[in-house]
Structures are given as C-alpha cells and as structure tokens.
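Visitor: One-letter residues, chain by chain:
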Amino acid sequence: MLNSSLTGLSRAAAGIVLMASCLTISAQPPAKSAEPAKPAEPAKALEYVGSETCKACHEEIFNNLQKTPHSAIETGARRGWDQKSCESCHGPGSKHAESASADDIKNPAKLAPGQVDRTCLQCHLNQNTPVGRLASGHAKDQVACTSCHSVHGAGGAKLVIHNKTEINQKCSTCHLTQWASFNRPYKHRLPEGAMSCVDCHNPHASFRDDTVRTAFGNEPGCLQCHSDKRGPFVYEHPVLRLEGCTACHDPHGSANPRMLTRHEVRLVCLECHANLPIPVAQPPSLGGVPPALHDLRSPRFQNCTICHTKVHGSNVDRTFFR
Amino acid sequence: MKTLITFLLVLPLCAQDAPKPAQDANKPAQEPAKPAEAVAPAAAPAEAAPAGESWLKGSLQIGYRWIPNIDGSLNTYRSVVNLGEGLRLLDTDFTLLNPSKRFFDRADVHASSWGGDPYNTLRVDVQKSGAYRLTADYRSIAYFNFLPSFADPSLSQGLLLDQNSFDTRIRTTDVQLDLLPNKWITPYVGFSRNTQFGRGITGFHTGFNDYPVASLYSDQTNTYRAGVRIELGRYHVTLEQGGTTFKDDQGASDAGPNAGNFTGLFLGSTLPLNSLNELYRVRGDSIYTKALLAANPYSWMSVTGQFVYAKPRTDINYTEASTGTFYLQRILQFYSAGQDVLVGDANLPHVSGSLTVELRPLRRLRVVEYWMTDRFHNAANALLAENLIVSGAPLTDQQLLSDRLVLNSNREEIDAFYDLLPQLTLRGGYRFEWGDTQVRAPILTGLALQSADLRRNVGIAGVNYRIGQKLRITGDAEGSSSDQTYFRTSLQNYEKAHIRASYDLSAEWRLAADFSLLNNSNPAPNVMLDYSAKIESASVFWTPKAIKWANLLADYSRSAVRSNIIYLVPQTLSPTPSIYRDNGHSLSVVAGIKWFSLGGSLYVSSGSRPTTYYQPLARFNWPVYKHVEWITEWRWYSMAEDFYGIENFRSNQLTTSLRFTR
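Going line by line, the protein sequences match chains P and C.
So for the first sequence, this note's numbering puts the first residue at 1; every next one is plus one.
So for the second sequence, this note's numbering puts the first residue at 1; every next one is plus one.
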C-alpha cells in the first residue's frame, strides 16, 4: 500500500514537473525578429512621479484605494510614502508614465509570491496576525498575501472580507477537501454561517500545527469557545495536552457523533488504552494500561464516557469518574 | 451584549446628526487636489462618502420559516440541524459612512440568524481614521446533542437515552479597541468572554453501578488584555499583558430512586441511587505575557519571533452527597450514604517561544530557519475527605492526592526555496521534533509517573508552479521515520502528501482539484498500526459572460480512511484488531438559472458507520422592486444510518423572506 502510494506520488511529481516544463516553454514570448541595432541610449534613473500622475490613467483604482485603510499611506507621512501610495508597492513609475507600457512598472500580480509577500511585509511584518508569516503553511505553499487580500479594495472598501459566509467561500476555493468535510452531519457550524474558518485558524501563521489559533496566550484556539476544557485539572488527560483535540475529534466534520474519529466511543479509547504492554525492547508508549476487567460485551462497558465522564480532565478522580 | 445592541442602535443616530450629508459628501470630491504639504497626516479622508454615494449602504433580510414536518428522530434533528419555525432576521449587513466624521468615520455591521435561530452572530467594526478602531464580535450557538447511539447502554432494552447529552448555549464575545491605528505607537485593549449554560444528562459512578443523572452546566471565562504595538522603521515590537478569570459551577442531582445501568442483583442486593447532590465549584485565573518581535535588519534578512509566558491556575471545591445502596470494593461492604468533600488546586506554568529567520542570499534563493519550543508543567494537589455510612456507622477517610504532567516540546525546521524559473519554485527541507514528557502512570503499575520521549526526523519537499493567476499547482510532501513517539496512534513512520491545482480555463470556467494523502504505521508487535487517509476533490465553477442569467458551481470529494490497530480484549485477553473504515462521497452543486437556483449537498458513506445525509435546496430570488427582493427557499434535510435507524430523520423547510438593499 505504502509502496503503491509512493509510486503514485513519484509519478504525480514527475508529471507536474513535465507539465510545468511544457507550459513554461509554451508561455515564453515568441522570439523577436532581428532588428537593426539601435545606438545605446543612456539609461534614465527611475523616479517617483506621485499618485496624481497614476490617477490620471488609473482613476478608478486610485479612488477605490482611498476608501480603504491603505489610504493612510497616501495621506500620512509616517511611512514616507505620502502622495506616493501607488509607488509604495509598484515602485517608481517615471518610465511607465512616459511609455504607458505595462512592462515598465512592477506589477505584484505577476511577481513570485515570495516577492509579493516581501512587498506587503515591509509594512505589515509586525502586526499581530502576520508576525509568523515567514514560517506559515501559506508562505511555504507560495500563497501570496494578495490571494486573499484585495490591496486596492476592489469591490468594496475593505481589504479583506469579514462576513463569515464569504470567508468560508474564499477558503473553500482552495481547501476543497476540508470544505467537503462540512457536508457531514456532525461538524462545526460553518455552512450555517455561525462560524468561519478564521475563527479556528490564523491564515497568516501560528506556532501550533495546522495554523490553529492560540487562546489565552499560548493554548490551542479550540479553548476559546470550549474554555471549560482548559483546566488546568488536578488530573489531566495527557493526550489532550500532548496531541491536542484532534487525537479524538475530526473538527471539520465526521459521520460519527461528537465528531469522533471512530464510530464507537470504546474504540477511540481502546486504540490507546489497549491493555497491551509495549515490549521492554521498544520505546515506551503512553496510555497503555494493564488488562482491565471490563466486559466489552456488555453495553455498559461499550460506552466508556458513561462512567469516565470527565474524559477531558478531572479535578476529583484520577480515572475521570467525576 | 445589551451594551453592544444599544451601541448598534445609537450608531445610525450619530450618522443622522450630521446636517446636509449630501452636500458635505460632495464637497471634497469637487475640490481640486491640495498640495501635499496642506494635507494633515491624521486627517485621512479615507472613508468619507464620495459624491453620489449614500451614507448608508447595506441590506436587510427578514423572513419566516415554516417547518411542516420533522419525521423520525426529533432529537437527532436537533443535534444535527436544530432550525426552528418562526419569524427571523436572517441577515443584515450594512456600512455607515459618517459625513461629519464626528465620533466615527465608518461603521460596518453584520448580523445573522436572529429571532430564535440556534446560531446568532453579530459583528460591529467602527473606526475613526487615525483615532481608534473598535471591533466587536458576538456569537451564540445552541449546543444540543442527544444521540442514543453515542452513550445508551439501555438501547437493547428499547430505552432511547443518551447518558452524555447536552442542551446548552455557548456564547462568545470578543471586543477590541485599537487606539491611534497606523501610528508609531498603537495601544490596544481587549476583552473576551465565553460562557456555557444549560442542562444535560451525565453519569454518576459509584461502587459497581453507574446512574444517568440530571446535570446543570454553568461556566464562564473572561479574558482581559492590553498591549502596545511599537513600529520603529526596521524593528517592530508588540507587548501584550493579559489575564483570565474562570468559574465553573457544574452540578448534578437526582431525586431517585434510580436503578442505574446495573439492574441485576449484586451479592443478593440491587444497587439503587436514592438521592444525589453533586456540585463542582471551580475558580481559576491566569496571567499571560506576550512579546512579538519582527525585524528587517538587512535587505536580505527578516526575523520574527514571539515569546509567551502564561500561568493558569485553578482552585477546586467539590462536594457530593449521595444515598442509596452502594458497594465499596475497598472495604468489601455495602454502604447507604456517602459524603465527599474535596479541595484542591492546580498550577500550570506554560512557556512558549519561536524564532524565524529568513535569509535571501541570492535573488532566487530563500532559506527559512524556524525554531519553536513549548514547555509546561502542571502540578496539582487535592485533599479528599470521605464520610460513608456503613451498617449505620460512620466511616471516614482522608486522602491527600497529587499529580503532575510535564512536557518539553521542541521543533527545528529549515526550508530552502529556490525559484528555478519565474513560474516554478522548488522547496526542500528538514524538520527535527524532539521532546520529553512525564505523565501519571497507570494505576496497577505501582509507579507514580511514567516518562516518554519524542524523536521525529522529517524530510520535506514541495513544488509550486503558476502562470499568473491562471494556473497554479502546489505540491508538498513530507515523510518521517521515528523511533520514539508518545502514543500508539501517534505519527511514527508516515508519509504525507498534498497536491492542489487550480486552472482558469477561461474567464467563464474555473477548475480546481485537491488531493491529500496520509499513511502512518507503527510496526511494534503489540501495536501493528496501519493507517491511511486519502481524499480527492474536484470543483467546477462556470459563470458565462454571454448568458448572465446562468451559473454553475459543483464540488465533488471522495475520502477513504482505513485504520487497523491491535488491542487486547479484556474478557478474553486475546489481541484483536480495531478496524475502522470510512469511504465517503460528498457532492455540492448549485446551478442558477435567472431567478431560480437548484442544488444542495449530499454525503454518502460506507464502512464502519454507513450514513447518508442529503440537503437539497431550491431557491427563488425575484427582484420585486429596485431595492427589494423576494427570496423563497425550500430545503430538505434527510439523514439515514444503516446501523442506527432509530436516529434517522427527514424534514422539509420553507423560508420566505424580503431582502431590502440600499
């Protein structure tokens, strides 16, 4: 199974590289016909021309920008781009203003995502959300800031959408598999518009896996809403602290009640609490227990949480009875 | 919450106070551009209503929902859908642009599902350029969960009861005020609250029996935070100090007699519960300190880092009084009443830190080094006093309990990104995860603590190919061979891959595909874990330019989860595989033809818990007038499970509403 998957992956990777090569070749501009060599002209130094010059041709874009928080670049002197907000991202525009050629101006939409990010992070590196951007999954996958943010505020006066339903639509255009999980019966209420992807994930970065938000400083974002599970408890259930909620739950959606990873509660528990000691030669695994006396044929013992009610952590009983 | 709503109602009044908004709004647009020197930096005219634009823009949708039938299990319907009948404020979304700029420049408000629906949301965003920005987010979610298939040992006797059920409401509020946004120094304060209140059924276990009893849930967490963002050209620092308070007053009670789940005779006697009063009174607080650093010291180098120290603690007071007939194995006797009192506390100092350095030594090469550590240590103590009535005489006992949990977790990763072509970026990297932990040892081992280590070496590769916004392919993969992990089910020898592609075939067609794979195995003789999860998805989006009244959006996803792991069946002491299979198909389609939309979603799965869940819909949007739209929507919810037919349900719903836009 593993071998076949790896073989498939290798083929997929080879296919991607091959396709990329073909598309790259086909995307190259056609070779220009030989022209008589012109005498070399001295290269002009690029200069800033100011936003009013840009506005003359790009009035709609300029007006949109002025409705957004980015207008502070145009009107504020602090960042040093007052009256030059367009060129703060696009670079000096003197050559473009003269030639009106798109080749003579920096267009972030055509840059590599890493370069786009660097343009944005010149100002935004410090803000609370993008501070870990450099190591985030989106950055690694070359998803540029402009994939989600409308820098000019096109279609409204916002740089990014805030409506929960629209946020979910935006994320789902790329994260198809995750969004499909929300068609399952037991899920967080995203399709109903009660929550959005960014309630749990910080799309910019998080030091937690899967860009899960943090709550209370450095704890998993799940606890922001499920704060009764935060503790600390007198008796912790170690798996919660060490592996997190996803050790037992599929937070995006599941066919199993309570979004559990298994169809029966006892199997969720028994896969760790297997009653099987690890051989001495093996590194120890946590959660193994000596053989218990539970008769799993009895329905009483098939639903562990009937007795072990405080499975997220107990303040009274080490076996989570109360 | 009342304050928020009051504030919301007052906002339009502030906006209306401004005399002659139309003329004022026109004025700046008609004036010629002023020279740069004349523009005051703080006086950004950003959100003023330009000429011809209204000071109020937005929409309001009010309607009525009929639910003619809910067939099958009402409790499952409430656990899964939970929508009710009646008049609703379905959605409102509006923006106020204050021409006078007095108090605020702009306010955005979005609210949905008010008037009795189980999910209410409200978001308010008010700002005055250069002065402040206030955001408030409120969410109230009804959490109803009552599924006999989850926890009902009496199911075989025909009793439909979930002995771990909830009927609660979870409310979350978050408010943040940023002062002097976009200035060198931006102070901010924030407040969050999360509450849960409601009822349910929980289990009470004592002796050899367990009893379903009524439970009352009541907990509240408040978080206060204040900080400052300092921007110094190339160096930026954010400092934040926060704190939380927590209280949990959960209680359980029963007036008896309650036979419990063990209905037979134990040593010739039944084991009924005659009365129970159980009360948790947990109080907690914590402080945290957060520091974020970001810097671009050189053109070829960026650095970010964060440090967080938190110290949550809880104080516990627990009382329990119960009467009945119970058996205590420790003394090998029956007892008729028990009274337990516990006082305790738990402390969990928690330190986290991370540092990321990006180096750009060559134009095409970026190297990112990431280091992270997360460390905490929970130390807890409790004193439990028990008072039992055994054969009419009191028997007392006291136990001093203590426990601890230690985790030191670290991660270091280095990634190199190379732009082989302007359109093609390759990535390669290596990650090492290591840590150690001490947790409570199992009861019968005779040990107090058990230790385990983590050592995980991970190789990383990735590729990204794009042609502008038209074509985009991203692939990443990682593989690991670990010799030490914490749990039997942890990632040990695993391969993970993800390929995502999107292609704008034309301005009208967009295609996307997504494939992910995770294989994990642990070949240890008493584990024999073999896990595989594979998901493939594809979507099509069609918006023809020539036929403006038609569009199509379709997503299909197929998922397959396969898991085998060995456990020991206690009654036979024989190793048995725990087998889990889930083969799911998910489809979402919405096709729009002029005023009509048809579609919906379906989920069909086979395997360990075969389930079908259909949600077809039909919608009719008729523009009655320039700013009024009549929307009628029919939805059908149908869920069926092969093994738990008692939980199947079907429901029709018809919602008709008017949507006003301005």
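If you're looking for bench data, these hints aren't it; they were derived computationally from the structure.
Some hints could be false.
Each pair of labels, with its calculated beta carbon distance range [to be verified]:
#	chain 1	residue 1	chain 2	residue 2	range
1	P	63	C	551	27 to 35 Å
2	P	162	C	199	28 to 36 Å
3	P	104	C	626	29 to 37 Å
Facing chain P, from chain C, some residues (calculated, C-beta under 10 Å) [unchecked claim]:
#	residue
4	167
5	258
6	306
7	395
8	396
9	397
10	398
11	480
12	526
13	538
14	539
15	543
16	628
17	629
Just so you know, these numbers come straight off a predicted model, no measurement behind them.
Beta carbons are placed, not taken as given, at the ideal position from N, Cα and C, and that holds for glycine.
Visitor: Could you run down the list of hints and mark each one as holding or not?
Guide: To see whether the hints hold, each was checked on the structure:
1. At about 29 Å, the CB distance of residue 63(P) to residue 551(C) agrees with the hint of 27 to 35 Å.
2. A hinted range of 28 to 36 Å for the beta carbons of residue 162(P) and residue 199(C) is consistent with their spacing of about 34 Å.
3. Between residue 104(P) and residue 626(C), the C-beta spacing of about 44 Å breaks the proposed range 29 to 37 Å.
4. Among the interface hints, the one on residue 167(C) is violated; its C-beta lies about 15 Å from the nearest C-beta in chain P, farther than the 10 Å criterion.
5. The interface hint given for residue 258(C) is broken, as the beta carbon of that residue sits about 14 Å from the closest beta carbon of chain P, more than 10 Å.
6. With 10 Å as the threshold, the beta carbon of residue 306(C) comes within range of chain P, its nearest partner Cβ sitting at about 6 Å, so the hint holds.
7. Taking 10 Å as the C-beta cut-off, the interface hint given for residue 395(C) is violated, the closest approach to chain P being about 19 Å.
8. For residue 396(C), the interface hint is violated, the least distance from its beta-carbon to any beta-carbon of chain P being 17 Å, above 10 Å.
9. Below 10 Å, beta-carbon pairs count as interface contacts, and residue 397(C) has none with chain P, the closest being about 15 Å; its hint is therefore violated.
10. Given hint, residue 398(C) at the interface with chain P, is violated; its Cβ is 14 Å from that chain's nearest Cβ, farther than 10 Å.
11. Look at residue 480(C): its Cβ only gets to about 13 Å from chain P, farther than 10 Å, so that hint breaks.
12. The criterion of a C-beta within 10 Å of any C-beta in chain P is met by residue 526(C), whose closest approach is roughly 4 Å, and the hint holds.
13. Taking 10 Å as the C-beta cut-off, the interface hint given for residue 538(C) holds, the closest approach to chain P being about 7 Å.
14. Annotation: interface hint on residue 539(C) holds; nearest CB of chain P at approximately 6 Å, less than 10 Å.
15. With 10 Å as the threshold, the beta carbon of residue 543(C) stays out of range of chain P, its nearest partner Cβ sitting at about 13 Å, so the hint is violated.
16. Hint status for residue 628(C) relative to chain P: violated, with the closest Cβ pair at about 21 Å, above 10 Å.
17. Among the interface hints, the one on residue 629(C) is violated; its C-beta lies about 17 Å from the nearest C-beta in chain P, farther than the 10 Å criterion.
Checked against the numbered hints listed earlier, the structure breaks hints 3, 4, 5, 7, 8, 9, 10, 11, 15, 16 and 17; every other hint is satisfied.
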